[in-house]
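Visitor: Chain residues, written in single-letter form:
2 protein chains.
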Amino acid sequence: MILKALGEDRLLGQLLPRLPLAKSVPVGAGDDCALVKPPAGGNLLVLKTDCLVEGIHFLSRTAPQDVGWKAMMRPLSDFAATSALPQFALITLIASKETEAEWVKRLYGGLCRAAKRFKVSIVGGETSSTRGPIAISVSVVGFVEKDRWASRRGGKDGDDLFVTGRLGGASRAKHLRFMPRIAESRWLTKNFPVHAMMDLSDGLGVDLPRLARASKVGFSVEMENLPLTRGTKIDNAISEGEDYELLFAISPRQSKRLQKDWRRKFPKLLLTRIGKLNSKFEIRNSKFSRGYVHFQQSS
Amino acid sequence: MILKALGEDRLLGQLLPRLPLAKSVPVGAGDDCALVKPPAGGNLLVLKTDCLVEGIHFLSRTAPQDVGWKAMMRPLSDFAATSALPQFALITLIASKETEAEWVKRLYGGLCRAAKRFKVSIVGGETSSTRGPIAISVSVVGFVEKDRWASRRGGKDGDDLFVTGRLGGASRAKHLRFMPRIAESRWLTKNFPVHAMMDLSDGLGVDLPRLARASKVGFSVEMENLPLTRGTKIDNAISEGEDYELLFAISPRQSKRLQKDWRRKFPKLLLTRIGKLNSKFEIRNSKFSRGYVHFQQSS
Chain A
3 MILKALGEDR LLGQLLPRLP LAKSVPVGAG DDCALVKPPA GGNLLVLKTD
53 CLVEGIHFLS RTAPQDVGWK AMMRPLSDFA ATSALPQFAL ITLIASKETE
103 AEWVKRLYGG LCRAAKRFKV SIVGGETSST RGPIAISVSV VGFVEKDRWA
153 SRRGGKDGDD LFVTGRLGGA SRAKHLRFMP RIAESRWLTK NFPVHAMMDL
203 SDGLGVDLPR LARASKVGFS VEMENLPLTR GTKIDNAISE GEDYELLFAI
253 SPRQSKRLQK DWRRKFPKLL LTRIGKLNSK FEIRNSKFSR GYVHFQQSS
Chain B
3 MILKALGEDR LLGQLLPRLP LAKSVPVGAG DDCALVKPPA GGNLLVLKTD
53 CLVEGIHFLS RTAPQDVGWK AMMRPLSDFA ATSALPQFAL ITLIASKETE
103 AEWVKRLYGG LCRAAKRFKV SIVGGETSST RGPIAISVSV VGFVEKDRWA
153 SRRGGKDGDD LFVTGRLGGA SRAKHLRFMP RIAESRWLTK NFPVHAMMDL
203 SDGLGVDLPR LARASKVGFS VEMENLPLTR GTKIDNAISE GEDYELLFAI
253 SPRQSKRLQK DWRRKFPKLL LTRIGKLNSK FEIRNSKFSR GYVHFQQSS
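Chains A and B are the protein sequences, given in the same order.
Convert by adding 2 to the 1-based position in the first sequence; the result is the number in the numbering used here.
Convert by adding 2 to the 1-based position in the second sequence; the result is the number in the numbering used here.
Heads up, a few of these hints could be off.
To spell it out: a stretch of chain B is covered by chain A in this simulated footprint if at least three of its residues, at any positions, have a beta carbon under 8 Å from a beta carbon of chain A; those stretches are [said to hold, decoys possible]: (1) 25-35; (2) 44-53; (3) 115-128; (4) 132-139; (5) 152-158.
The list that follows gives simulated cross-link-like pairs (lysine-lysine, DSS-like), each with its CA atoms no further than 27 Å apart [claimed, not checked]: (6) K25(B) x K39(A); (7) K39(A) x K218(B); (8) K118(A) x K39(B); (9) K218(B) x K25(A); (10) K267(B) x K118(B); (11) K39(A) x K39(B); (12) K121(B) x K39(A); (13) K121(A) x K148(B); (14) K99(A) x K99(B).
Hint data in this document are derived by calculation from the structure and do not stem from the laboratory.
Note that the Cβ used here is the ideal one computed from N, Cα and C, for glycine as well.
Bound-form chain A, shown alone (with noise of 0.2 Å):
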């Protein structure tokens, strides 16, 4: 059955009950608004907002519950660039009236079942019909420490740089099921003194600047230690985008305690100095900035 078919309030009459929802929702998906406790004391509010555009950033041949998967991890991956942990979120559905509704409820599951991978509650949302291609927006709010956000400022010159993980090949099929490195940038900043941090999302060429930019210092990356996903070339692990990998600069002082520290914790996930922050505030190397860009015309 198509969308048209169903209806709105069928439709959310289906997708509502199932949406995983915690105690500190006292008003959840239905109202006009959405009503939720407010973090403790001590802590500050985290709000991030993302969205997938069909032939942007999935194929119309897409499973559903990879998209659903992606467009809810997104957004959660932006909070373990801050070191902040997620509670609630509201999706904006955005799709054509023709849409197969059984196609929106797999959606839902990945939805659903990123959410609960950490905990968070959908606690509302809404849909709009299109003539054009489906969107999904995906908003969430949740809390942080006042002394352990986060961001990326703060970086200083002679700072080690840091990568989970491996770097390229995402377009094959990681990009859809990857998973937020928030366990590991909550115990990153538990242990040591972060002094900046984000998401690998457009690929290290273009997100590397970004965060030097932030910090206003330059940078330098030892190319041969870059940590590549097997079968792929520094120019994937640059340029390709969606890693979905922390990028952290630290004092040097730290780095050894912390990759041995690291290797007893996360002994399954890499841990990779790739290079160091510096003082000349510059970019050297031309294959960085040549990440995804959204808008820009390719060189």
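We have chain A already, so just place chain B on it with the hints.
Guide: For chain B alone, coordinates are given in the frame of chain A:
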């Protein structure tokens, strides 16, 4: 200049410095997540997301300032329905690479003007390209006192039903330039025990049955009492939608004092008793359930 030529980072560089930002925002747009101060203890967090799609909610020739105003004011109208105060907004813009950057700047002009009107900070967002129509999704976070929030539930058998303003005729211009009834709603819950409330976005004919269903009661409407916009008919008032007026239920014992105090407080805004809630959980008048429904086939 079109977006493809300008590029995402340069576009953001031009937009971000102009965004309204309160002091309660330690980290605004430009980082992975936004960080904001949570509401004081005793308040609940309020979350809402909404979207506009070109060809559905606005036309390609609609002035972009008006599109921005409407995109921000629609979720704020839901805050009015909840009697909540909005504080922070996230904006997702999905647009073709061929979109004029000037159009986007004017859109943000409208978004910012609307946000400032209610002291809302624009703390972040996302841009994505698309091969389809433009879409703008706005998520808003705010707060409401624990003992003061309104919802669609809670209407009681015998309650009087009131609407603010006039209904119908929205499609001519009002749907682009309306004012969310936040001040009125806050005054209402401060001074009267409001049993149930919502904003009229899809039309009285669809929205009133929703309020009745959520409250598990029936309703009767005195058609001859509906406050019609000049030049419109009863059918417009019921089915056209996009009135963005408040509909609420209150004990008949409060009605007289309410009407008297309202005239003094809001002399320029009509308040009309349009009917009653009753115990018959059914919808008799066939004109009802004829507002605007997304995805529904018109009968």
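Visitor: If a hint holds in the structure, say so; if it doesn't, say that too.
Guide: Now the hints, each set against the structure:
1. With a cut-off of 8 Å between beta carbons, the stretch 25-35 of chain B has 6 residues touching chain A; three or more are needed, and the interface restraint holds.
2. For the stretch 44-53 of chain B, the assignment as covered by chain A holds, since 9 residues bring a beta-carbon within under 8 Å of that chain's beta-carbons and 3 suffice.
3. Residues of the stretch 115-128 of chain B lying with their CB closer than 8 Å to a CB of chain A number 4, which satisfies the three-residue condition for coverage.
4. With 6 residues bearing a CB less than 8 Å from a CB of chain A, the stretch 132-139 of chain B meets the requirement of three and the coverage assertion stands.
5. Remark: the stretch 152-158 of chain B is confirmed as covered by chain A, as 3 of its residues place a Cβ nearer than 8 Å to a Cβ of that chain, reaching the required three.
6. Restraint check for K25(B) and K39(A): the C-alpha separation of about 22 Å stays at or below 27 Å, so the hint holds.
7. For a cut-off of 27 Å, the pair hint linking K39(A) to K218(B) stands: about 26 Å separates their Cα positions.
8. With a C-alpha separation of about 26 Å, the suggested pairing of K118(A) with K39(B) holds against the 27 Å cut-off.
9. Restraint check for K218(B) and K25(A): satisfied, since their Cα atoms lie roughly 24 Å apart, inside the 27 Å limit.
10. Annotation: proposed proximity of K267(B) to K118(B) holds, straight-line Cα distance about 23 Å (limit 27 Å).
11. For the given pair, K39(A) sits about 14 Å from K39(B) by alpha-carbon distance, which is consistent with the 27 Å threshold.
12. Restraint check for K121(B) and K39(A): the C-alpha separation of about 22 Å stays at or below 27 Å, so the hint holds.
13. Straight-line distance between C-alpha atoms of K121(A) and K148(B) comes to about 24 Å, which keeps the hinted pair within the 27 Å bound.
14. Taking the CA atoms of K99(A) and K99(B), the gap is about 25 Å. The hint holds against a cut of 27 Å.
Of the hints listed earlier, there is not a single one the structure fails to meet.
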